[in-house]
Amino acid sequence: MSAVLQDPALMEVNPPLVRSTNYHDLTEQISAIVEGDVIKTPTKYWITLGVTASITGLLGAMLGYLLVTGIGVWGNNRPVGWAWDITNFVFWIGIGHAGTLISAILFLFRQKWRTSINRSAEAMTLFAVMCAGIFPLFHTGRPWRAYWLFPIPNTDLNLWQNFRSPLIWDVFAVSTYFTVSALFWFTGLVPDLATLRDRSTTRVKQVVFGLLSLGWRGSARHWNNYEKAYLILAAISTPLVLSVHSIVSFDFATSVVPGWHTTIFPPYFVAGAIFSGFACVMTLLLIARWTLNLQNLITMKHLENMNKIILVTGSVVSYAYACEFFIAWYSGNIYERFTFWNRAFGPYWWAAWSMYTCNLIIPQLYWFKKMRNNLWVMFIISITTNIGMWFERFVIIATSLTRDFLPSSWGYFHPTYVDMCTFAGTIGLFLTLFLVFARFLPMIAISEVKGVLAVEKHTFKGEEVATR
Amino acid sequence: MNLELLKDKFGLGDDKLYGVMGAFSEPDDLVQAGRKIREMGYTKLDAMSPFPVHGIDDAIGVPPSKLGWIVICFTVLGAATALLLIWYVGAVNYRLVIGGKPFFDFSYSIPVTFELAVLFSAFASFIGMWAINGLPRLYHPSFNYSQAHRASDDRFLLVIEADDPKFDVEKSVEHMRGVGAGDVEVVEG
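Chains A and B supply the protein sequences, listed in that same order. For the first sequence, position 67 (counting from the first letter as 1) is numbered 67 according to the working numbering, and the numbering increases by one without interruption. For the second sequence, position 102 (counting from the first letter as 1) is numbered 102 according to the working numbering, and the numbering increases by one without interruption.
Simulated from the structure, these hints should not be mistaken for laboratory data. Check the hints yourself; a few may be wrong.
[Stated by the list, open to error] Only some residues are given here: those of chain B computed to face chain A with a beta carbon under 10 Å:
(1) Thr43
(2) Phe51
(3) Val71
(4) Cys73
(5) Val76
(6) Gly99
[Claimed, not checked] 25 Å max Cα-Cα, derived DSS-like pairs, lysine-lysine:
(7) A/Lys228 - B/Lys44
(8) B/Lys16 - B/Lys44
(9) B/Lys166 - B/Lys16
(10) A/Lys369 - A/Lys308
(11) A/Lys228 - B/Lys66
[Unchecked claim] A partial selection of chain A residues facing chain B, derived with a Cβ cut-off under 10 Å:
(12) Asn154
(13) Leu159
(14) Pro166
(15) Ala173
(16) Asp198
(17) Lys228
(18) Leu311
(19) Val312
(20) Gly451
Every residue, glycine too, gets a C-beta built ideally from N, C-alpha and C.
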């Protein structure tokens, strides 16, 4: 049978998602990274971790400085009260969306190729949402009062939240999103933690993985309920992920600010979120694939499929840009028309054209199969896409707020070094968390990849019988 | 929870038989063997595998999961909680005119209602699944089987439990070998 799997003619027609013929070999390949005995963690890993951890330290310093000084250390000022912090919030939340899309929506569509990438994409979701949460939390000025955001009866406030405001919807959406993603992620991890428990060589590992794996023994009765739970979590995460960025876009769409007050925002934001999220997964996976030698598990087929999704969502985003311009003209509303003219040719032209170049033009290269299969091209596009998507949020927020109805209150936004260092710091936090995850937890869902291998073996067996 | 059950969970009880266990190296073999064993009249069977094996539920008689029913109740509960909260806060306890909007309305309640319905369902499916499975637990008699650690790696285990009315140590071992299982052992627990 292994001869069939290695038959080049068959591989050509139907390239396998997993380059392995043996369950034990898969366990070894994935666990070896976590165990660090056979494959020693490269020194470059620890150096990288040191760098990203230092950047995270910068984040801590900046937030500490903000706490003792006040929100004025950021560049937010009239007329731009929502500046980099909300841009960064939307940016990070958007990145998280790809993780849920891969783990939930592709699961419902039975896309088997997701199994090699879903674990790391889900982890990425969690870390991105953590980074996102920092910004609105500190924008409140008094983050130690954050519990005021939740409808908890408390004696120091004696107030209730205003459920007519989209900002409270956002609180519910983002906190639900984080919680559900965490539960989904942990559920997926348990069988793999059991694998690590069973392979543990030291007492400490046995105890840690033993507790984390909850006594999982892979019983058929357990799998039966487990698969049901997984299906339900996927089924509820699918509308959830669509709702989260829709609700984020309501923060803008329910206002009367020109450039924000549009009904296209929910689908436009969701498409943009998936676009940027896939690009971010791509960046991280390319690095992980290269440094941890995962070529057998993350194959070119996975990467090409992701590039196709980037092309589709990038094109949806491009369509939304065109549609916005058309509606601004067609509506006949002078403020709308001005805002869009101002976006492209006003003082923020540089931001707008960076965004058009990165989001509208560059991803179109993916129409060519050669480009979709070139590692350098996909690495560069994954980075430019995220630059473009950051600029998209910045353009929407800054251009609309700097010049709205009254020319006498127009202004221009200047970020401070604290703004910049805080954003850089969240990138450091994100990368640190991801690096720690990639080293200490199974980055690829062992049990799911084995399931795919079993199906492939079965299919190839069938073909063998049919053709011979 | 009675003391016996608790002792069982922590592996403190007296040694008694758990069952006869055997191992297979491919999921298809497990399913076929499971079906044969069940056709012999055994009813208390279990299987352990590194990933969900399709067809095993039918082969060894695992009933469909009831989790869906639990979750749907919590979905409704979550939506109801949200609506009740928004109505109580806006229309009863803290009536405040904001932008001329009504004190309570379904239209602006949709996002929070949806989110809480999702949150409640997620917790119900997560906690519910572990509860139905009787997890977390620190000990299970099947861990005494010499190949137990491979059930999370590359072996597919079949169990005939000792409380099966048709269970008989010698015969069951023979039956297990008869369907092609390797490493057949009598497991105590």
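Consistency of the hints with the structure:
1. Thr43: Because about 14 Å separates B/Thr43 from the closest Cβ in chain A, which is outside the 10 Å limit, the hint is violated.
2. Phe51: This interface hint holds because 4 Å falls under the 10 Å limit.
3. Val71: Holds - the Cβ of B/Val71 comes within 10 Å of chain A, reaching about 5 Å at its closest.
4. Cys73: Since the shortest Cβ distance to chain A is 13 Å, the answer is violated.
5. Val76: For B/Val76, the interface hint is violated, since the closest Cβ of chain A sits about 13 Å away, which is over 10 Å.
6. Gly99: Where the cut-off is 10 Å and the nearest Cβ of chain A is about 7 Å from B/Gly99, the hint holds.
7. A/Lys228 - B/Lys44: The given pair, whose Cα atoms are some 22 Å apart, holds under the 25 Å limit.
8. B/Lys16 - B/Lys44: 16 Å, holds
9. B/Lys166 - B/Lys16: With a Cα-Cα distance of about 17 Å, the restraint between B/Lys166 and B/Lys16 holds, given a limit of 25 Å.
10. A/Lys369 - A/Lys308: 10 Å, holds
11. A/Lys228 - B/Lys66: Holds - the C-alpha atoms of B/Lys66 and A/Lys228 are around 9 Å apart, at most 25 Å.
12. Asn154: 13 Å, violated
13. Leu159: 7 Å, holds
14. Pro166: It holds, given that the least Cβ distance between A/Pro166 and chain B is near 8 Å, below 10 Å.
15. Ala173: 5 Å, holds
16. Asp198: 4 Å, holds
17. Lys228: 4 Å, holds
18. Leu311: 30 Å, violated
19. Val312: 26 Å, violated
20. Gly451: 4 Å, holds
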